[in-house]
Amino acid sequence: MQTSFLLKLLFTIIIINRLINFVLCIHTYYILTKTEFNKIYPIIDTITAILLISPLTIILFLIAYQKNELAFE
1 MQTSFLLKLL FTIIIINRLI NFVLCIHTYY ILTKTEFNKI YPIIDTITAI LLISPLTIIL
61 FLIAYQKNEL AFE
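Going by the UniProt record's numbering, the first residue of the sequence shown is number 1, and it counts up by one from there.
You may find that some hints are simply not true.
Beta-carbon label-pair distances, calculated as ranges [said to hold, decoys possible]: (1) Ser4 with Phe37: 47 to 53 Å; (2) Ile16 with Asn38: 41 to 47 Å; (3) Leu9 with Phe37: 24 to 30 Å; (4) Ile16 with Ile63: 33 to 39 Å; (5) Leu7 with Tyr30: 32 to 38 Å; (6) Tyr65 with Leu19: 32 to 38 Å; (7) Leu6 with Ile43: 23 to 29 Å; (8) Ser4 with Thr33: 33 to 39 Å; (9) Lys39 with Lys8: 24 to 30 Å; (10) Ile63 with Phe11: 40 to 46 Å; (11) Ile15 with Gln66: 36 to 42 Å.
Just so you know, these hints were derived from the structure itself, not from any lab. All C-beta atoms in this analysis are idealised placements derived from N, C-alpha and C, irrespective of residue type, glycine included.
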C-alpha cells in the first residue's frame with residue numbers, strides 16, 4: 001500500500017513537471033520571436049526538456065528569461 005502511494009506521488013510530480021516544462025517552452029518560443037539575440041537558449045531548453053533533464057531545464061529557462069529581458073518591455 002505504501003509503495004502504491006509513492007508511485008502515484010512520483011507519477012503526479014512527473015506529470016506536473018512535464019506540464020510546467022511545456023508551458024515554459026511555449027513561452028520562451030514566444031519570446032524568441034521578439035528577440036534578435038540569444039536564440040540558442042530556447043532551443044537548448046527544449047532539448048533538455050525532451051531528454052527529461054528537469055533541473056538543468058529549469059536553470060536554462062531562467063537564463064533564457066534573463067538574457068531576453070527586453071522582450072518583456
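Checked hints:
Taking the beta carbon of each, Ser4 and Phe37 are about 49 Å apart, inside 47 to 53 Å as hinted. Separation of Ile16 from Asn38 is about 28 Å and departs from the stated range, judged on CB atoms against 41 to 47 Å. For the pair Leu9 and Phe37, the beta carbons lie near 41 Å from each other, so the given range of 24 to 30 Å is not met. The hint said 33 to 39 Å for the Cβ distance between Ile16 and Ile63, and at roughly 22 Å that hint is violated.
At roughly 35 Å, the beta carbons of Leu7 and Tyr30 sit within the given window of 32 to 38 Å. Checking the proposed 32 to 38 Å range against Tyr65 and Leu19 shows it is violated: the Cβ atoms sit about 18 Å from each other. As the Cβ distance of Leu6 to Ile43 is approximately 35 Å, the hint placing it in 23 to 29 Å is violated. Between Ser4 and Thr33 the beta carbons are some 45 Å apart, a value that contradicts the proposed interval 33 to 39 Å.
Roughly 39 Å separates the CB atoms of Lys39 and Lys8, a value that falls outside the hinted 24 to 30 Å. For the pair Ile63 and Phe11, the supplied restraint of 40 to 46 Å is violated, since their beta-carbon distance comes to about 29 Å. At about 28 Å, the CB distance of Ile15 to Gln66 disagrees with the hint of 36 to 42 Å.
Hints 2, 3, 4, 6, 7, 8, 9, 10, 11 from the earlier list are contradicted by this structure; the remaining hints agree with it.
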